[in-house]
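Q: Chains as they are written, first to last, in our numbering: chain A, 1 to 220; chain B, 221 to 702.
Note that these hints are calculated values from the structure, not bench results.
Here the structure is a predicted model, which means the values were calculated and not measured.
Backbone N, C-alpha and C define an ideal beta-carbon position, used for all residues, glycine too.
Don't take every hint at face value.
Said to hold, decoys possible - Rough simulated footprint, nothing fancy, chain A against chain B, three-plus residues with beta-carbon under 8 Å: (1) 337-350; (2) 364-375; (3) 379-386; (4) 391-400; (5) 425-436; (6) 563-569.
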Amino acid sequence: MGQSLSSQLVNLLAAFLLLIAFAMLSQRRILTLIRLFAWQGAALTASTLIVAYTTGQVHLYFSAALTLLLKVLLIPWVLHRLIDRLQIRWDVETLINIPATMLIGIGLVIFAFALAAPISELANTLTRATLGIAMASVLLSFLMMIVRRKAVPQVIGFLAMENGLFFAATSATYGMPLVVELGVALDVLVGTFIFGIFFFHIREQFDSLDIRHMEKLKQD
Amino acid sequence: MEIALVLGAPLLGGLLLALVGHKRWAPELNAAMSLVTLGAAAMLTGRVIADGPMTAMEEQFFVDPFNVFLVALTAFVGFTTALFSRPYMRIEEHHGRLNAARLRLYHSMYQLFSFTMMLCLLSNNVGILWVALEGATLSTVLLVSLYRTPASLEAAWKYFILCSVGIAQALFGVILLYFAAEKVLGAGGTALLWTHLYQVRGQLEPTVLSLAFVFLLVGFGTKVGLVPLHNWLPDAHAEGPTPVSAVLSGLLLNVALYAVVRSKVLVDGALGHNFSGGLMMGFGLLSVVVAAFLLSRQKDIKRMFAYSSIEHMGIMTFAFGMGGPVAAFAGLLHMTVHSLTKSAIFFTVGHATQKTGTQNMADIRGLIEQSPAIGWGLILGSLAILGMPPFGVFTSEFMVLTTAMHEQPWATPVLLVALGVAFAAIFGKVQPMVFGETNLRRLPHPPALVPVFVHLAIVLMLGLYIPPYLVDWYRQAAALIG
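With the hints as extra help, turn the sequences into a complete structure.
A: Rendered as structure tokens:
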């Protein structure tokens, strides 16, 4: 695989990543949201593999395997189990209507590209054009966490944000040192389990996973 | 060797207590593990003072006067809080607020929390520091919701989401830092090590580093509780068990600030001008002012002291942002006295709320009549935290203010007004709680008051006389970050 071909492939996958981030933003059903999250993980795995193959960085194979295991298989499975046990398949409510969210999302993408432009200039990696996309998907996930009212979509937004960060790491720097990546993966895994425990506690107390029930504590 | 013990004791304690944390002697085991950690930290401190900075295990860990000072402080407050939590948690169990499973969770997570903080402080790797700081959130989030009340679940959820999102921003900062460092140090293990980064900081790309610092400050600043990222802090402090409030305020905020200060030193070296200092002063001052004005609106006693923590973290952030040896010295001293005083206050507040059965300040009356020790502890602790001489907080705040008059004259009146407002708010609320008619019940276990007065005595001593070796130690640490 030549440099230019693999660079084009990574760019294509980056575009997928951004598209999925927008799809998640507009998606109302929780099951589809989980499926989209798994697809995002798959795109991330593929792009990590391509970078690993082209550059011969062995540790990137490990992180690709880790991504596949954790974000395509394990976490979506855990989320599926959770929503089965909690029986929450209802539509997702949003704070702002979806077209408006999309418009804000487009603004965020432009902002991310403007922010990333001077840094991309400095990068000499084959995937440098994708740093802006990575930053944009982080911001879009952030937006998703802000506009969603239910606990599960908020968590999926958080996990998608982590995907975006991971993509930033591979696209700008060929991945962080392996020990750091393992640590981050451990944190994400433990975090997902704690979220799961939380869902049950919240349900027990409020009979619902709607965050609006949890606005008793004052801001002041 | 000592490093292995400092990290190993709480990790082992966490695993052991996960199995036996509900037994009758579990609180004693918890305290014993914290004592081992303290002993190891003391040995480590002695060695670093004698031999100077060192690294261990292929440079994955490093110790210099700055972080060893925080290791010692963290181990000390960790131990005294374990002593306090011994009767406190027994009383909670007696009142029926906790069962065996939750006690096991509490004891195990208490030790794991100590472990993550020590790892955060001792790690030479910026990435591992990030992982450990996120680990500190994960280990405490289930402690905040330990009572499973609606309010505590809400507080824990807010804590979890806000801190995770915040720390995700910091991860982006770490990635950008790695991106800049990799060009100079090459890919792989050494490009994220503080010791290597400091050596080449003049060659790192300034535009990337300034952007990285913004992300790092926002990310770690969320955990420091800087305004406007402070929303999780009062809720988490008010709803969790009191020992957790004490270690959150006294230790976790310090450790997060440590991460910010380390990043600042690095970025200053690369930029050559005071971009990062300006940002920190701005955030710090905003936190002091906003927290001071919100103090008087509080009804819950633990919330009020949580806002006081935001105020004090703001003062420290301002001091470190100002830079220079005197301000850095003052910042370090303030870190010490704040964490000692604030944890002492939370110890007394914990027992006071157990006696009255409420955290609502209007319902707490006449502490001094029924239990003079708790009453005196609360009033003395409040006077100390408000910066009354002769306590140590006065010394450090005085140093911050005099340095500010030289370096940033515009900030001095703002700080003074905020400190005055905070004084009026806290003193006005604490005074009727301590004096007046009593409405208290007796506790089934005698309260732990030795830690309170030990902390206050140290703070008093630091206000009157700082031993020369301690001055020397602070100076060495201040020289590293000033």
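Q: Each hint needs a verdict: does it hold in this structure or not?
A: Hints, verified against the model:
Residues of the region 337-350 of chain B with a Cβ under 8 Å from some Cβ of chain A number 4, which satisfies the need for three, so the listed coverage holds. Check result for the region 364-375 of chain B against chain A: holds, 8 residues qualifying (beta carbon to beta carbon below 8 Å, three or more required). For the region 379-386 of chain B, the stated coverage by chain A holds: 4 residues have a C-beta nearer than 8 Å to a C-beta of that chain, and at least 3 were required. Remark: the region 391-400 of chain B is confirmed as covered by chain A, as 7 of its residues place a Cβ nearer than 8 Å to a Cβ of that chain, reaching the required three.
Under the rule that three or more residues need a Cβ within less than 8 Å of chain A, the assignment of the region 425-436 of chain B holds, with 4 such residues. Counting residues of the region 563-569 of chain B whose C-beta sits closer than 8 Å to any C-beta of chain A gives 0, which falls short of three, so the coverage hint is violated.
Going down the numbered hints, you'll see the structure goes against just number 6.
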